[in-house]
Amino acid sequence: ETGVTQSPTHLIKTRGQQVTLRCSSQSGHNTVSWYQQALGQGPQFIFQYYREEENGRGNFPPRFSGLQFPNYSSELNVNALELDDSALYLCASSLTSGGYNEQFFGPGTRLTVL
Amino acid sequence: AQSVTQLDSQVPVFEEAPVELRCNYSSSVSVYLFWYVQYPNQGLQLLLKYLSGSTLVKGINGFEAEFNKSQTSFHLRKPSVHISDTAEYFCAVTLFNDYKLSFGAGTTVTVRA
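Going down the list, the protein sequences come from chains L and E. Per the numbering used here, the first sequence starts with residue 1, numbered consecutively. Per the numbering used here, the second sequence starts with residue 1, numbered consecutively.
Bound-form chain E, shown alone (with noise of 0.2 Å):
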């Protein structure tokens, strides 16, 4: 069965400075993975996804994530914060022949100005 390790239980950074969130995976199949984030009170946005192909993944709000295929790793990062991405980050990954999302505990980012 797979699994999802979140490296970081809580990320404070300042406003205008780059952040990175940790995501390990453990599979022995070949995977799809995700970033969700949930603001809150509210459900869970996709922010980007690895299906195949190129391992730099761009998504939406200024959000990119690489695959590293060899360290099992799936790190969202984001150049440049605003106080609108405090939030709750999710890792999630599926295997490649199943239909489930299995996700991990969550990061929460706290942007100060």
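So that you can see chain L by itself, here it is in the shape it has in the complex (with noise of 0.2 Å):
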């Protein structure tokens, strides 16, 4: 069974510009959740797809925004790049959405906004 797996692993920005995350989510799941994780902190929701369909979002501004295709893989997009985008971002995969359910955490992929 394959974990999640993202990519890439690393990335190197500067400010304005757009930059796109990719994750496969674990077999069988149908919900991919993103995370932001600032150097020192715990990670921050960005938002949750289920099913193809944004099924709720945390305090991230309009320019993050996110896909979800049929085989449940998933994009997240940051427009307008700013030096505080600088961040690991986590997708998460669980089989469905709901608290309960365990969230299968990738590796992340490091931004750096220069």
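Everything labelled a hint here was simulated from the structure, so no lab data went into it. We put the CB at the ideal spot given by N, CA and C, even for glycine. Check before you lean on any hint, since a few could be wrong.
[Said to hold, decoys possible] To list a few chain E residues with every Cβ distance to chain L over 12 Å, as calculated:
hint: 1; residue: 18
hint: 2; residue: 26
hint: 3; residue: 28
hint: 4; residue: 31
hint: 5; residue: 55
hint: 6; residue: 80
hint: 7; residue: 85
hint: 8; residue: 86
hint: 9; residue: 110
[Claimed, not checked] With beta-carbon atoms standing in for the labels, derived distance ranges:
hint: 10; chain 1: E; residue 1: 18; chain 2: L; residue 2: 54; range: 35 to 45 Å
hint: 11; chain 1: L; residue 1: 77; chain 2: E; residue 2: 82; range: 39 to 49 Å
hint: 12; chain 1: E; residue 1: 105; chain 2: L; residue 2: 18; range: 35 to 45 Å
hint: 13; chain 1: L; residue 1: 51; chain 2: E; residue 2: 16; range: 45 to 55 Å
hint: 14; chain 1: E; residue 1: 82; chain 2: L; residue 2: 10; range: 46 to 56 Å
hint: 15; chain 1: E; residue 1: 72; chain 2: L; residue 2: 40; range: 23 to 33 Å
hint: 16; chain 1: E; residue 1: 71; chain 2: L; residue 2: 14; range: 45 to 55 Å
hint: 17; chain 1: L; residue 1: 20; chain 2: E; residue 2: 41; range: 33 to 43 Å
hint: 18; chain 1: L; residue 1: 96; chain 2: E; residue 2: 30; range: 46 to 56 Å
hint: 19; chain 1: E; residue 1: 108; chain 2: L; residue 2: 83; range: 21 to 31 Å
hint: 20; chain 1: E; residue 1: 7; chain 2: L; residue 2: 110; range: 24 to 34 Å
hint: 21; chain 1: L; residue 1: 40; chain 2: E; residue 2: 62; range: 20 to 30 Å
[Claimed, not checked] Only some residues are given here: those of chain E computed to face chain L with a beta carbon under 7 Å:
hint: 22; residue: 2
hint: 23; residue: 32
hint: 24; residue: 43
hint: 25; residue: 44
hint: 26; residue: 46
hint: 27; residue: 51
hint: 28; residue: 54
hint: 29; residue: 90
hint: 30; residue: 98
hint: 31; residue: 99
hint: 32; residue: 100
hint: 33; residue: 104
hint: 34; residue: 105
hint: 35; residue: 106
With the hints in hand, could you dock these two chains into one complex?
Take a look at the structure:
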């Protein structure tokens, strides 16, 4: 059984650019959540996708957007990058939506904005 | 909205000694509680979770946690740590009818020989 994978591992961008991060969910999982983890902090919830629809959103501006595909893989897009967007971006998949479901995390994508 | 406070940012401990990591949450409704571990340059791995039932929860790698509703706490313990337990530990909470996890700021555990 393949776990959650993310690509790329590392990424360096400059302010104002756009970035796309990718996540492949664990087999059989239909829900993907994205989190931002700044250095020295806990992960912050960005949004969740359930069966290709956005299921909920945290306190992030609209320039953070996402997609979920029919195979339940997902993308996180960030437009107009700012220095504060530098962080580890974590993707987590779960069997279905609902807080009681265990979320399985990928290794993350380290984004650096210069 | 729910929130999580991890009371210790860093916990140094000697090998084979016990360790306790403290976590308090705030919520006016029922919650689910989780402890995750993050090893360097890796994602998060679930150690244990409390959904309902017994307030003492046992997890992987010899960890256990106790849910205390009156004190709104969910402290994590291990009776004897190993060098390999050196990692970042996160407490997380989600509301009974919610979907997103709210994490604490994390506790860095450093185990010394």
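Hints versus structure:
With a least beta-carbon separation of about 24 Å from chain L, residue 18 of chain E lies farther than 12 Å from that chain, consistent with its non-interface assignment. At roughly 15 Å from the closest C-beta of chain L, the C-beta of residue 26 of chain E stays outside 12 Å, upholding its exclusion from the interface. For residue 28 of chain E, the shortest C-beta to C-beta distance to chain L comes to about 16 Å, beyond the 12 Å cut-off, and the non-interface label holds. A cut-off of 12 Å between C-beta atoms contradicts the statement that residue 31 of chain E is not in contact with chain L; the least separation is 8 Å.
Residue-level check passed: residue 55 of chain E sits 17 Å from the nearest beta carbon of chain L, beyond 12 Å. Non-interface call for residue 80 of chain E relative to chain L: holds, since the shortest CB-CB distance, roughly 26 Å, exceeds 12 Å. At roughly 19 Å from the closest C-beta of chain L, the C-beta of residue 85 of chain E stays outside 12 Å, upholding its exclusion from the interface. Every CB of chain L lies more than 12 Å from the CB of residue 86 of chain E, the least distance being 17 Å, so the non-interface label holds.
Chain L leaves residue 110 of chain E outside its interface by the beta-carbon criterion, the shortest separation being 15 Å against a cut-off of 12 Å. Hint check: residue 18 of chain E to residue 54 of chain L, Cβ distance near 44 Å, so the stated range 35 to 45 Å holds. Take residue 77 of chain L and residue 82 of chain E: their Cβ atoms lie about 41 Å apart, and the range 39 to 49 Å holds. Checked against the given bound of 35 to 45 Å, the beta carbons of residue 105 of chain E and residue 18 of chain L, roughly 30 Å apart, lie outside it.
Checked against the given bound of 45 to 55 Å, the beta carbons of residue 51 of chain L and residue 16 of chain E, roughly 48 Å apart, stay inside it. Checked against the hint of 46 to 56 Å, the pair residue 82 of chain E and residue 10 of chain L fails, with Cβ atoms roughly 30 Å apart. The beta-carbon spacing between residue 72 of chain E and residue 40 of chain L, approximately 25 Å, falls within the hinted interval of 23 to 33 Å. The beta-carbon spacing between residue 71 of chain E and residue 14 of chain L, approximately 48 Å, falls within the hinted interval of 45 to 55 Å.
Checked against the given bound of 33 to 43 Å, the beta carbons of residue 20 of chain L and residue 41 of chain E, roughly 22 Å apart, lie outside it. Between residue 96 of chain L and residue 30 of chain E the CB atoms are about 19 Å apart, so this pair departs from the stated range of 46 to 56 Å. Roughly 25 Å separates the CB atoms of residue 108 of chain E and residue 83 of chain L, a value that falls within the hinted 21 to 31 Å. Against the hinted window of 24 to 34 Å, the Cβ-Cβ separation of residue 7 of chain E and residue 110 of chain L comes to about 28 Å, which satisfies the hint.
Checking the proposed 20 to 30 Å range against residue 40 of chain L and residue 62 of chain E shows it holds: the Cβ atoms sit about 27 Å from each other. Interface hint at residue 2 of chain E: violated, since its Cβ lies 10 Å from the closest Cβ of chain L, which is beyond the 7 Å cut-off. The closest approach between the C-beta of residue 32 of chain E and any C-beta of chain L is roughly 5 Å, which is under the 7 Å cut-off, so the hint is satisfied. Taking 7 Å as the C-beta cut-off, the interface hint given for residue 43 of chain E holds, the closest approach to chain L being about 4 Å.
Contact between residue 44 of chain E and chain L, as hinted, is supported at the beta carbon level, the nearest pair being about 4 Å apart and thus within 7 Å. Taken as an interface hint, residue 46 of chain E checks out: its beta carbon lies about 6 Å from the nearest beta carbon of chain L, inside 7 Å. Restraint check, residue 51 of chain E versus chain L: the minimum CB separation of about 5 Å is within 7 Å; hint holds. Evaluation of the residue 54 of chain E hint against chain L yields a violated restraint, the C-beta minimum of about 16 Å exceeding 7 Å.
The interface hint given for residue 90 of chain E holds, since its Cβ lies 5 Å from the closest Cβ of chain L, which is under the 7 Å cut-off. Using the Cβ-Cβ criterion of 7 Å, the hint placing residue 98 of chain E at the interface with chain L is satisfied: the shortest such distance is roughly 5 Å. For residue 99 of chain E, the suggested interface contact is upheld, since its CB lies about 5 Å from the closest CB of chain L, less than 7 Å. For residue 100 of chain E, the shortest C-beta to C-beta distance to chain L is roughly 4 Å, which falls under 7 Å, so the interface hint holds.
A cut of 7 Å between beta carbons decides the hint on residue 104 of chain E: the least distance to chain L is about 5 Å, and the hint holds. Given the 7 Å rule on beta carbons, the hint for residue 105 of chain E holds: about 5 Å separates it from the nearest Cβ of chain L. A cut of 7 Å between beta carbons decides the hint on residue 106 of chain E: the least distance to chain L is about 5 Å, and the hint holds.
The structure does not agree with the numbered hints 4, 12, 14, 17, 18, 22 and 28 stated previously, though it agrees with the rest.
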